[in-house]
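Q: Each chain, letter by letter, is given below.
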Amino acid sequence: MEHFDEHPRGALHAYLDGELSLEGSLAVEEHLTACGACRRQLETLRALRRLLQSARPAASEAESALLRVTRRVRVRRRRALAVGGIAMAAAAALVAMVLVPRSDRTVREVAAVHARALDAGRSVDLASSDPAAVERWLAARLPESIPPVGSGDGFALRGARVDSLDGRPVATVVYQVRNHLVDVFAWPSAEKDMEPRPSVAGRFTVCRWAHRGVAYWMVSDAGTEDLKALAALIKERRT
Amino acid sequence: MDDDSREFERFARPHAAAALRLARALVRNEADAQDVLQDSFLRAFRHFRGFSGESPRAWILSIVRNVSFTLWRKQQRDEPADVEPLLEGEPDTTPSPEGRLLEACDASQVHDALDRLPRLHREVLVLREMEECSYREIADVLGVPIGTVMSRLSRARAQLLRELVGEPRSKN
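Those sequence lines, one after another, are chains A and B.
Here this note's numbering is used: position 53 in the first sequence is 324, and no number is missing along the way.
Here this note's numbering is used: position 11 in the second sequence is 19, and no number is missing along the way.
Mixed in with the good hints, there may be bad ones.
A few chain A positions that, by computed beta-carbon distances, are all more than 12 Å from chain B [stated by the list, open to error]:
1) 294
2) 318
3) 395
4) 403
5) 415
6) 434
7) 435
8) 436
9) 439
10) 481
11) 482
Some chain A residues judged to face chain B by a derived CB distance under 7 Å, without partners named [said to hold, decoys possible]:
12) 277
13) 281
14) 290
15) 319
16) 322
17) 326
18) 327
19) 330
20) 333
21) 334
22) 336
23) 340
24) 341
25) 345
26) 388
27) 392
Simulated from the structure, these hints should not be mistaken for lab results.
Note that the Cβ used here is the ideal one computed from N, Cα and C, for glycine as well.
I would like the entire structure built from these sequences, with the hints used as guidance.
A: The following block contains the structure:
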């Protein structure tokens, strides 16, 4: 068994905190029977603990804060659902716009891809704020990749991953604005330029646009204004 | 579709008070603490489905700590620096009335004394003595090895004792 010739100072704290093995506890207790100084020290530490515990503030308002947060999430979702419903009704009226159901499906897919990455805690496979490094990494994994735009205007480049959209691998560049992560999917496309059109899918904003031979999808829990600002930044840098 | 928010309530509710107490220990005022708390709950809600660790409490508290971090940096200018003072000298080996002096302290003296400690010491004391976290949980919240938790905790206790009852050890 361990034996303390010296005062077991660190072990005394661990003993007090119930973090010692049985052996360690016995060794400390053996020392305590022989050492008045350590007994007094332990007594002082116990008095300190009682004092701190008696001074522990109530924090009952924390539960109401939690319930406010979850209630707000539910209200926001119901509202998004209602707005989505109106959009669907409008779409149904414009039966000629055959593309709507497909693009609506993709909006949900884009949101789901983003949610999956967040939930897995794996937003980037390459963490880097260097656009050249991100470009090299993507170029090594995809046949055709778009050079990403570096940080600016409050958007920080965080890195990249390759995700899958509509059944094919696509370059996914990740930015952060305040506390929000933004996924930007981009691929070469022949379609003509299109202004960002944000739509809401659950708790996420999804935004589709095209510029100079590149098609973009962006998704985030940041607001629509943030996504438009990021689109503007990308356009500006790529002109 | 509301189910996950209800589920999150059940998941987070037992740890809400601990989260607020830690937030209060880490930021300057009640309004900041409430902001930190709310932001932490939102973040935790977004990610709690991916949670697979052992201690939901340690996970939530580590989020509180991360959210506090941005505020920390703003407030660092007017705070005592986050350094760990070294324990120099030997522990007291003469009888001392510290225990009795401590009995005479009240809650407001304790909070004042805690406020005078560096944040690293304050948070470890709150986690251990008020929330009764294990060393493992504290290590997870702080992102440091258990050995660091132990040494920081013993320094924090020694420093709090000094704040409460004066210099506890004999000077040579």
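Q: For a quick check of understanding: which of the numbered hints are violated here, in increasing order?
A: The structure conflicts with hints 2, 12, 26, although it agrees with all the remaining ones.
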